[in-house]
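Enquirer: Sequence:
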Amino acid sequence: MTIKLTIQRKLFALSFLGLGFVVAVGATGFFAASRLASSAEQIANSGSALKSQLQADQAHDALRSDVLAALLAGEKKDAAEQKAVRGDLEDHAKLFRESLKRLEALPLDDATRQAVGKIKPALIAYLESATTVVGLAFTDRAAAQAKMGDFLVAFKSLEKEMAALSDLIEEQAKQTQVASDSMSAAAKFTIVAAVVLSVGVLLVIGGLVSRSIVGPIKRAVQIAETV
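Mapped onto my numbering, the consecutive letters of the sequence shown carry residue numbers 1 to 227.
Among these hints, one or two may not hold up.
As the list claims (entries may be wrong) - Restraint ranges, calculated between C-beta atoms of paired labels, are given here:
#, residue 1, residue 2, range
1, 157, 105, 23 to 31 Å
2, 90, 146, 41 to 49 Å
3, 186, 94, 40 to 48 Å
4, 101, 44, 17 to 25 Å
5, 185, 41, 13 to 21 Å
6, 9, 30, 41 to 49 Å
7, 41, 195, 22 to 30 Å
8, 178, 29, 32 to 40 Å
9, 76, 179, 53 to 61 Å
10, 90, 54, 18 to 26 Å
Unchecked claim - Taking lysine-lysine and the DSSO-like style, the derived pairs with C-alpha atoms no more than 27 Å apart in a straight line are:
#, residue 1, residue 2
11, 83, 94
12, 76, 147
13, 147, 160
Hints in this document: simulated from the structure, not taken from any laboratory.
Here a beta-carbon is modelled for each residue, glycine too, at the ideal position from N, C-alpha and C.
Let the sequences and hints guide you as you build the complete structure.
Expert: Right, here's the structure in full:
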């Protein structure tokens with residue numbers, strides 16, 4: 001059965017087709033924007049992770065300075081200096097713990113989370129060692145000096161592990177950035193291609209509909225003129 005479309009129906013069909021293409025292009029843009037927003041969030045998380053790691057690394061260095069300062073203050077037996085060293089130790093220990101806590105709270109990728117979990121016991125042990133040596137420096141300086149060898153070994157070992165963690169976080173951030181750039185380029189291409197395709201199809205179909213409408217009208221006019 002042949003279905004003959006009236007002019008009104010043809011125009012409605014063309015309008016609905018155009019609307020369908022608009023929806024398709026809009027959906028493509030929405031999907032691309034959602035993916036880019038997700039990538040931006042991952043990049044922000046990587047930046048936060050790197051910031052927390054660097055703060056922990058700074059606290060790691062500061063704790064060693066506190067230990068050395070405690071040994072000097074213990075030798076001088078200066079109460080005011082000892083109080084200042086204890087205050088610095090408390091501040092740096094707090095920064096150390098908070099940085100580690102913030103790092104663990106972030107939505108890290110599996111590799112980074114495993115690396116953080118692996119290094120955490122060494123971080124805690126290092127903090128406890130620093131606290132112990134500082135305490136001994138003011139009560140039993142000889143015992144504090146005896147523990148300095150192990151403390152410095154822990155410092156060097158942790159320094160390498162934290163550098164490796166920093167490199168891992170930076171690498172993950174770079175990979176996320178590359179993926180985001182690639183996704184952005186693909187999204188732009190997809191949207192442009194969808195627009196070009198939509199315009200092309202609408203022009204072709206619009207031309208066909210126009211001919212199907214204008215043709216019969218012309219023939220009707222010609223017939224009317226011959227009468």
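Enquirer: Each hint needs a verdict: does it hold in this structure or not?
Expert: These are the hints, each one checked on the structure:
Checked against the hint of 23 to 31 Å, the pair residue 157 and residue 105 passes, with Cβ atoms roughly 25 Å apart. The beta-carbon spacing between residue 90 and residue 146, approximately 24 Å, falls outside the hinted interval of 41 to 49 Å. Remark: the range hint 40 to 48 Å for residue 186 to residue 94 is upheld by a beta-carbon distance near 45 Å. Range check, residue 101 to residue 44: about 18 Å between beta-carbon atoms, so the 17 to 25 Å window is met.
The hint said 13 to 21 Å for the Cβ distance between residue 185 and residue 41, and at roughly 19 Å that hint holds. Checked against the hint of 41 to 49 Å, the C-beta distance between residue 9 and residue 30 comes to roughly 31 Å, which is inconsistent with it. Our hint of 22 to 30 Å for residue 41 and residue 195 holds, since their Cβ atoms are close to 28 Å apart. For residue 178 and residue 29, the Cβ-Cβ distance of about 22 Å falls outside the hinted range of 32 to 40 Å, so the restraint is violated.
A beta carbon spacing of about 56 Å between residue 76 and residue 179 agrees with the range 53 to 61 Å that was offered as a hint. At about 21 Å, the CB distance of residue 90 to residue 54 agrees with the hint of 18 to 26 Å. Restraint check for residue 83 and residue 94: the C-alpha separation of about 17 Å stays at or below 27 Å, so the hint holds. Taking the CA atoms of residue 76 and residue 147, the gap is about 19 Å. The hint holds against a cut of 27 Å.
Using a Cα cut-off of 27 Å, the hinted pair residue 147 and residue 160 holds, with the two alpha carbons roughly 21 Å apart.
Checked against the numbered hints given earlier, this structure breaks hints 2, 6, 8; the rest are met.
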